[in-house]
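Generate coordinates for the entire structure from the input sequences, incorporating the hints supplied.
Protein chains in written order, with the working numbering: chain A, 1 to 169; chain V, 1 to 169; chain C, 1 to 501; chain D, 1 to 501.
Keep in mind that the hints were calculated from the coordinates and are not lab data.
Just to be clear, a hint being listed does not mean it is correct.
[Claimed, not checked] Pairs of lysine to aspartate or glutamate residues, derived as DMTMM-like cross-links and limited to a Cα-Cα distance of at most 20 Å, are as follows: (1) C:LYS2 to C:GLU259; (2) V:LYS135 to V:ASP157; (3) C:LYS168 to A:GLU161; (4) C:LYS356 to A:ASP160; (5) D:LYS168 to V:GLU139; (6) D:LYS458 to V:ASP29; (7) D:LYS312 to C:GLU411; (8) A:LYS34 to C:GLU461; (9) C:LYS312 to D:GLU400; (10) C:LYS144 to C:GLU100.
Since this is a predicted model, take the numbers as computed values, not measurements.
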Amino acid sequence: MSVEIKIMDRIAKVEIINQQGNLLEIQVDDTIYKVDIMHTADGTFSIIQNGHSYNIELVPGDHPKRYTAHTLYNMYDLEVIDAESRYMLSRGSGAMTTKGNTISSPMPGKVIKITVSEGDEIKQGNTAIIISAMKMESEYKSPKDGIVKRIHINEGDTIDENQVLIEVE
Amino acid sequence: MSVEIKIMDRIAKVEIINQQGNLLEIQVDDTIYKVDIMHTADGTFSIIQNGHSYNIELVPGDHPKRYTAHTLYNMYDLEVIDAESRYMLSRGSGAMTTKGNTISSPMPGKVIKITVSEGDEIKQGNTAIIISAMKMESEYKSPKDGIVKRIHINEGDTIDENQVLIEVE
Amino acid sequence: MKRIKKILIANRGEIAIRVMRTCREMGIETVAIYSEADRTSLHVRYAHEAYYVGKAPSNESYLNIEKVIEVAKTARVDAIHPGYGFLSENSTFAKRCNEEGIRFIGPAPEVIEQMGDKIEARRAMTKAGVPVVPGMNGNIESEKEVFDVIAKLGLPVMIKASAGGGGKGMRLVNNEGEILPAARAARSEAMTAFNDDAIYIEKYIASPHHIEFQILADEHGNTIHLFERECSIQRRHQKLIEETPSPLMTPELRKEMGEFAVKAAKAVNYTGAGTIEFLVDDDLNFYFLEMNTRLQVEHPITERVTGIDLVKQQIIVAQGGKLQFKQEDLVQEGHAIECRIYAENADNDFLPSAGKIYKISQPLGLGVRTDGYVYEGYEIPIYYDPMISKLIVWGNTREEAISRMRRALYEYKITGVKTSIKYLERVMLCEDFVTGNYNTHFIEKNKEALSPLPAYDKINEDMVIISAFIDYADKLNRHQNSKEFAPVQSRWKKFTYTNNF
Amino acid sequence: MKRIKKILIANRGEIAIRVMRTCREMGIETVAIYSEADRTSLHVRYAHEAYYVGKAPSNESYLNIEKVIEVAKTARVDAIHPGYGFLSENSTFAKRCNEEGIRFIGPAPEVIEQMGDKIEARRAMTKAGVPVVPGMNGNIESEKEVFDVIAKLGLPVMIKASAGGGGKGMRLVNNEGEILPAARAARSEAMTAFNDDAIYIEKYIASPHHIEFQILADEHGNTIHLFERECSIQRRHQKLIEETPSPLMTPELRKEMGEFAVKAAKAVNYTGAGTIEFLVDDDLNFYFLEMNTRLQVEHPITERVTGIDLVKQQIIVAQGGKLQFKQEDLVQEGHAIECRIYAENADNDFLPSAGKIYKISQPLGLGVRTDGYVYEGYEIPIYYDPMISKLIVWGNTREEAISRMRRALYEYKITGVKTSIKYLERVMLCEDFVTGNYNTHFIEKNKEALSPLPAYDKINEDMVIISAFIDYADKLNRHQNSKEFAPVQSRWKKFTYTNNF
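Structure (C-alpha cells):
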C-alpha cells in the first residue's frame, strides 16, 4: 500500500516495505526507515528510530483524512491523499476545495455585528462581520472583491468552528 | 424500563419516571430522585441532586454488566441484573456463576511453584500454587476439600487476571 | 470571631477551584454556582454543592447579584468568596452581602468604591503622601481642559477612563493632533465598557515597569506587604508572565515601595488581600497606579516565595482573625515565575481559540505547580476568559526557575485548541527575558525573536508523516476489514511488547 | 572539571523520569533503557534516546551490567545515573563504569562495597566513633556463637543478613526457643536473596523510630547534611509515609545526629548523595543502622524543605564540581510529607494489584508535587515494584501539611487498579499520626483505626446505582437501537448544557 501525505507544502509518498509486529520498515520519499512504533487508539505515538525517541500526538481534524500533529517542538497540519481524495479533488469537491468565496469562522463565537447586507458590493479586506469570543472581538474580512451573495447568520447567533458565515460572489 | 442492580448485598430496583434531556426523575427502590446527570462516554458522572454535587467514576468490569464505581470516599462493585442475567442465572451459567470449585488469579503474575498434582487430595485452605507479582509472592489456597481435577498452568507461566488456574472437585 | 463553615464561590474556572482547595484544607464546605455554559465545568464537580444561576453570558449569570445572593441564602453559606473578575470589585455586591448577613471575603464596600474610581484613588493616595503619576486629581470637565492639562503636563500623556481597568478607555497621546480624537475615543469606549464616560489625564511614563505589591491587612490594625511581583510582560494590556523577585528591584527600593504600599492600604483602612500597582521607570522612580481590591491572578508566585496561602489568610481575616505573620517574619525564598496558559493563537495576534480539549499532559515534579480547570473532552465556552491554566515554577535562583519553567513548558501539552505554551517557551529563551532586562514593551520589542522558529528537521517531519500513515492505515483496516495491513491499532494499550530488531 | 553532556539512566519508572527532569533543566541529554515489558513506559518517551536491554525479568535486563555498559558506549554517554534499586548499590557496576571511562553518579566502588556489607559498615562506624546498635562487629561463625552473643546482649535481638536490605534475611528473636530456628531461617533467606549466607546479631531496639539523615559530599572535602527524614511509617519493612522535620526531633538532637551523619560520611570518604539511617528509641538514644549509597525514594521531602535539587547536586559532584551550599546556609523551611502510592490492596494485607490504569486525576495546586510514571491505558508490569507514584506536599506547619495531604489525596484518583490512596487518607486522619506520636509499630498498632469505614450513605449509594443504570441503558440503546430510552450517552462531551429544573 502506498499513499501520499501532504504536510505543509510538501507531498510525501509513503510505503511499507516490511512489517514484524510493531517493527516497520517504511519508505518516506527516498528514505527507508526502520522504526519501532507503538501507539494508542487515540493517537499518541512513540517511535524509536535509530535509538532516538520521538513522541507524536495526532489530533483528528475536521475530516477523517486530516490531522494536526504535535511533536515536542512543532505543530503540523497533515492530509492523507489517497485515490478517493484525488477523485474528489478532480471533481472539484470534497476535502480540498478552496474556500476563496466564503467567510468562515476559524473558531466558535457569537455574532456581534454584520456590516453588510445581501447584494452589497464588498472589497477584499473589508470587514463584513464582527464576532466575539472569550471577551475579545474579531473582525472577519472579505477574501475578495465581489457581491455579498448570501448571509447565513444573524446578529446574536452563536456560531461553530468552520461554519460558513457569508458567501461572496 | 426497569432493572435490578446488585450493590454489595443489596438489590435495588431502578426505574425512570421522566426524562428531559439531562434531567431525570428516577426511582430507586422507594425513593424518587430528581437528578441533573451529565456523563462522558468513558464513565465519568456528575450528578447534582438537591444542590449536592456527586462525582462517580464507573470502571467497566470483566463483564459488560459489571462495574466498579468510585465515589469520593468509597468504592463499590455493581452488577446489573436484567432479564438476560436472570435467564443465565436460572441456567446456572454466565455472569453470576460461583467460582467455588476453582482457584483463579485475582491479578496478573508469574507462576513460581505448583505444590499439587492432578489427582492429589487437597484440604480447604491448603496452598496449591505460589504466584509472584511485583516483587512479592502470594500463596493461593484451595477453596474446599477435594481432589485436584485439572491444573491449567505450568511453573514459569505468566498468567492474566481472572484466569482459572486449578479446578478442584 | 465566628468560624466560617461554608463558603459560596461566586466565580468559575481555575480561581473557583483554587479557592475551593484551600476551603477543603480548612474543613470548610464549598458551594459552586454555574451558568448554562458551565454545567460540565470542573468547579461544579469539585464543590460540595452546586447551583444554576442563569444563561451563559456573564451578565445573565455570574454578574447577577440578586441570583447569587438567593443561592447563598438557599445554601445557607456564611461567606462569599468572589475570586477575581466578575463581582469581585463590585461594591454593590459587597453591600448586598453585608445586608444579608453574609461575609463578603474582601474589603468594605466603601473601600472597593473608593479604589474603583481611579480619580478617588489618586486623591486618597496623594493625601497619604504616596507618589502618583503626575496628572489630574479630578475628571475632565471640558475639551478645553484637556488642552490646558496637557499644556501643563507636557506630551506624551495617557487619557484614561476614571472607572477604568483592563486597558479599556485608555489612549496614549504622543502629539498635538492626536489629542482631540484620543479624548473622544477614550470617552466613548469608557461609556461602552463602564457605562460612565468620565476621563482624566496622566503623564505618560516611558518604558515603564509594572510592579505590584501584595498587601494583607486584618481588622486589628495589622497591615503587611508580601513583597513585589514584576508584571511587565504583557500583551494587549493583559499580563502573560509574572515573577518575583523583580529583576529590577534593589533591597532599598523594595523596602521603600513596600512601606508606601502599606501606607496606601492603611490610608483607606484596607482589610483582606489587596494589591498596590506601581509604574516604575528606568531611573527607578515609582508611581502609584491603582489598587486592586481582590486576589490577583498571579498571587501564586507570592505564595511560593513566602510560603503563605493567601486564600487562607483572606478567610482568617474575614472571620475576624488576626494575620498569622508579622512583617519581620517574611522573606522571599528563591524565585518564582508564573506563565499564564491562554487558549489563543499567539502566532496570530493572540486571537482566542475556543474549542474542545483533546488531550492534556500535566507538567509535574520538583518546583512545579499548575492551577487549571480544563480536562480532556472539555469544551471551552466562548463566553468567558481564554485563560485555561497557570503554570507556576519555583527555583533557588532566577536562572534555575527559568530552566525549570522551560522544562515544565516542554512537558505541558494541551491539544485540541491552540494555546500560548509554545510562545511562552520562546519567551523563556529570549535574551531580554533571560537577562531580566525588560519592561512593558517586551513583547513588541522582541516580536522577531518570539516568532515561531522555522527550524526544519527532516527526520522529525518524516516521523510525523509515518504516524499519520499508520493511523490512516489502521482506520482503513477497521473499515474495510482487509488483510493488506496487519492492524497495529491499539496494540500499545492491548498487548505487551514482544519484538525488537 | 568536565561538563557532563549526556547521561544514561539505568533505571525505569518514576525515578528515571525524576532524574531526566533535572537533566533537561541542566541542558543534559538523556538516554533511557527498557526491558521488553517497558517499551510503553513513560521514561522511554521522556528520554532523548531509548535502547532495549533485554527480557522483562530484571536480571535479564536492568540488572544486566554488560548490556547496560554496551548501550552506554553505543550512545556515547558521559555518565550513568543508577537511580535507586537495580544496580544503584552494585560496586561491580560502578567499577565497570569507571573502567570504561563513564562517570558513575554515586560514590566510589570501594565505598559501595564497604557500606553494602553491614558488618563492614558497623566496623567503620564504630571506628569513627558513631554509635551503632549494640551487637557483633563480625559474622556468626557457629551456632554456638549465636548463643554466646545473645547471652551477652540479652534478649530480644535481631538476627540479620550481612549483605542484607529490604527486610530480607532478618529475624526478631524474643525468647530462647526461637533462637535456633530464627538463625537458620535468616541464613537460608539470606542465601536465597543475596547469594551470601553470612549473618550477624544486634540488640533489638524496642519501639524504634526510623530516622535518616541526607548527606551530600563533593570531591573537595565538603560534606554537609540536609537534615533528617522521619520514616517510621512502614508496612512489611517498606516505607509508606515519610516526613521532615521529624515530630520526634529536637534542635539539639538534630545537631548532634547531623554531626554524626557527617562524621560517618567523612569516615569512608563519601562523595555524592547518600543517607545515614539511624534507629532512635523513645529515650532519644540513636544508633547507626546503615548507609544507603544512593538517592532515596523519599528524597523529595528534603528537596522541598531545603529548596535543593538533590539530583542536580549529584550531577555537579560527579562533574568534579563543588557543592553549591555550605552547612550554615541550610534551613528546614516548613514541613514536607511524602505518601507513596502503591498499586496494592491495602485492605487485603497490602497485596500488589497489577493491571491496567483506567483513569488518573492528578492533585494540583499550592504545595503539591507528584512524581509518578503511569498514565491512562498503561498496563503496570508484574515484574517490578508496585510503587506507581509519590505524592509530596508542603505546608508552613505540620498541621497545614497534613490538611493539604488530605486534600491532595482526596483529589488524587487512579482507577483500574487498587491503590493505597484511600488507606493513606485514613492514616492522615489517624490520631497517632496527627499528633506525631508514632514509631515503626504504627501500622500494626492502629490496625483498627486504619480499616475501611463502614459509613453508609444511602443517597450516595443510590447515586452510584443511578450511574450504573444510565450507563447500562446507554449501552442497550447503542446495541439495540431502540427508542425506549433517549440516549444520554456522551452528551457531556458533545452537547452544551440546555436544561435546568
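Hints, verified against the model:
no.	hint	result
1	C:LYS2 to C:GLU259	31 Å, violated
2	V:LYS135 to V:ASP157	16 Å, holds
3	C:LYS168 to A:GLU161	28 Å, violated
4	C:LYS356 to A:ASP160	11 Å, holds
5	D:LYS168 to V:GLU139	18 Å, holds
6	D:LYS458 to V:ASP29	11 Å, holds
7	D:LYS312 to C:GLU411	19 Å, holds
8	A:LYS34 to C:GLU461	15 Å, holds
9	C:LYS312 to D:GLU400	11 Å, holds
10	C:LYS144 to C:GLU100	46 Å, violated
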